Amino acid sequence: MSTAETISLRVNGETVRQTVEARRSLVDFLRQDLGLTGTHVGCEQGFCGACTVLVDGVIVRGCLMLAVQCQGLSVETIEGVSDKGEIADLAQAFAGRNALQCGYCTPGMLLTAQQILKAGGTPSRAAIRAQLSGNYCRCTGYQAIIDAIEQVARTRAGIQS
Amino acid sequence: MKPVAFAYAKARTVDHAIELLSGHDGEARVLAGGQSLMATLNMRLSSPSLLVDINGIAGLDQINCEAGRVEIGALVRAAAAEGSAVIGQSVPLVAAALPYVAHPAIRNRGTIGGSVALADPAAELPACLLALRAEIAIAGPGGRRRVPADEFFRGLFETALGPRDVLTGIDFPAAGPGARFGFAELARRHGDYALVGLAAAAQREGEGLTNLRLAFFGVGSTPWRARRAEALLEGALIDPERLDAAVSALNQDLDPSDDLHASAALRRHLAAVILRRVVRQLTGEEPQ
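As you go down the protein sequences, you meet chains V and H in turn. The first sequence begins at 1 in our numbering and counts up one residue at a time. The second sequence begins at 1 in our numbering and counts up one residue at a time.
No lab work stands behind these hints, which were simulated from the structure alone. Note that the coordinates shown come from a computational prediction; the quantities given were computed from them, not determined experimentally. Don't be surprised by glycine CBs; every beta carbon is placed ideally from N, CA and C. Don't take each hint at face value.
[As the list claims (entries may be wrong)] A partial selection of chain V residues facing chain H, derived with a Cβ cut-off under 8 Å:
{"hint": "1", "residue": "Q18"}
{"hint": "2", "residue": "A22"}
{"hint": "3", "residue": "M65"}
[Said to hold, decoys possible] Now the stretches of chain H that chain V is said to cover, found in silico as 3 or more residues with beta-carbon under 8 Å:
{"hint": "4", "region": "48 to 57"}
{"hint": "5", "region": "99 to 111"}
{"hint": "6", "region": "187 to 197"}
[Unchecked claim] So the derived label-pair ranges between C-beta atoms look like this:
{"hint": "7", "chain 1": "H", "residue 1": "R69", "chain 2": "V", "residue 2": "S2", "range": "36 to 44 Å"}
{"hint": "8", "chain 1": "H", "residue 1": "T40", "chain 2": "V", "residue 2": "R156", "range": "35 to 43 Å"}
{"hint": "9", "chain 1": "V", "residue 1": "G103", "chain 2": "H", "residue 2": "A85", "range": "35 to 43 Å"}
{"hint": "10", "chain 1": "V", "residue 1": "D56", "chain 2": "H", "residue 2": "A85", "range": "16 to 24 Å"}
{"hint": "11", "chain 1": "H", "residue 1": "G88", "chain 2": "V", "residue 2": "A126", "range": "17 to 25 Å"}
{"hint": "12", "chain 1": "H", "residue 1": "E66", "chain 2": "V", "residue 2": "Q32", "range": "44 to 52 Å"}
{"hint": "13", "chain 1": "H", "residue 1": "G162", "chain 2": "V", "residue 2": "G85", "range": "47 to 55 Å"}
{"hint": "14", "chain 1": "V", "residue 1": "D56", "chain 2": "H", "residue 2": "A264", "range": "56 to 64 Å"}
One chain only, chain V, in its complex shape:
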């Protein structure tokens, strides 16, 4: 029982071993200790979704999980997911549809969108909205983001748009 722990985990496929303060959130660990600043810090209360990352393959709030809880787990950030090329079409659709302005919410939006798209098929706009409800965007008014996700869903399903 202590206020610091040594943890070993995988981050974007690489093993990381580091001593962290118990109170260090996962998102602060990624940004400040590992320099992975693609994940953003917004409200630190779980409302905004800017800190969305993948833990063991599912999206979570990076501000509502402690780094020490990631012992033995696999964490992926926007950097890792982008490098793998698995969201290249989504990123392109966001740019093409003007689905971002300041870009602060975009890493979280992309990871959440990718989780929606992984379920397969062509979700309705209402279903996309419900799934995206935990990610704030203060610039776009959401329409363009939903357009982009809808477009990629159709393309991935082999439907000509």
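Since chain V is already given, all that's left is putting chain H on it; use the hints.
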């Protein structure tokens, strides 16, 4: 903001968790999914000296179904419960409520036990437990016990859990033939805490409903049964006059307050709207 520094310990077993909690004299908190606790720590609304992480305790993430009961382990994540065929079939009220619990990223971490232990008065699951007569399984220094939902929720964020207790699971009666349920919630944004919500359960008998339980949330300091409305709807076929009488009775049953999100008058109005909606679900006029 960042939390005040605290110590962290990973409990190996339930007994180990109780031992860790007991060593800190009310200053330790259980960390399950952390989806509410972490936010209160980040805002420095709470500053425990120790967090006891129960995520590594084996067996608490199981859903067991036997002899007409379904026990959902405390560490079952909301997302896992949402995808569970057993819960969909045998505890359909909970299955209907789960998509309203926060957002997907939060449901991936947040646990069933955590939501119940926190007992936010505007949360969905505590009201479902009350409607379904669930029992809460608790382990503490004095051994294990089960507390009925009717006795568990005691006040604003106050439950039957003591500072050295660990909530280990929730025990539901499995839905049998003729079991009916209804669920509705109104919030400003999907996934937000409800302005007003209603979880209801009943037994179909002939053309009417018996054992009717209406558990409102977001209208008081705990999930709250509308007992006068229940009594007015119990029994024979519900005609429009009886439904009107039950809706009127909500004025005595519920005592919502004003806050930033809605006035008491708006909450009363919305409670009446969703009662009508939920009664239609219970009687089969609207899909459950």
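Status of the given 47 to 55 Å range, CB of G85 (chain V) versus CB of G162 (chain H):
With Cβ atoms ~52 Å apart, the hint holds.
How does the region 99 to 111 of chain H fare against chain V when you require at least three residues with a CB closer than 8 Å, holds or violated?
holds (count 8)
Confirm or reject the coverage of the region 187 to 197 of chain H by chain V under the rule of 3 or more residues with a beta carbon closer than 8 Å to the chain's beta carbons.
holds (count 3)
Measuring from beta carbon to beta carbon, are E66 (chain H) and Q32 (chain V) in 44 to 52 Å?
holds (48 Å)
Between T40 (chain H) and R156 (chain V), does the beta-carbon spacing fit 35 to 43 Å?
At 40 Å between Cβs, range holds.
Restraint satisfaction for Q18 (chain V) [CB to CB of chain H, less than 8 Å]
With Cβ-Cβ at 15 Å, over 8 Å, it is violated.
How does the Cβ-Cβ distance of D56 (chain V) and A85 (chain H) compare with 16 to 24 Å: does it lie in that range?
holds (22 Å)
Okay, G88 (chain H) versus A126 (chain V) on CB: inside 17 to 25 Å?
Once the Cβ atoms are compared, 21 Å apart, the range 17 to 25 Å for A126 (chain V) and G88 (chain H) holds.
Per the CB criterion, is A22 (chain V) less than 8 Å away from chain H?
At 4 Å from the nearest chain H Cβ, A22 (chain V) passes the 8 Å test, so the hint holds.
Closer than 8 Å, Cβ to Cβ, for at least three residues: run that test on the region 48 to 57 of chain H against chain V and report holds or violated.
Coverage by chain V holds for the region 48 to 57 of chain H (4 residues, Cβ < 8 Å).
Chain H contact restraint for M65 (chain V) - C-beta distance below 8 Å
holds (6 Å)
Is 56 to 64 Å right for how far apart the beta carbons of D56 (chain V) and A264 (chain H) are?
Since the Cβ atoms of D56 (chain V) and A264 (chain H) sit about 44 Å apart, the hinted range of 56 to 64 Å is violated.
Violated hints, in rising order: 1 and 14; the structure is consistent with all others.
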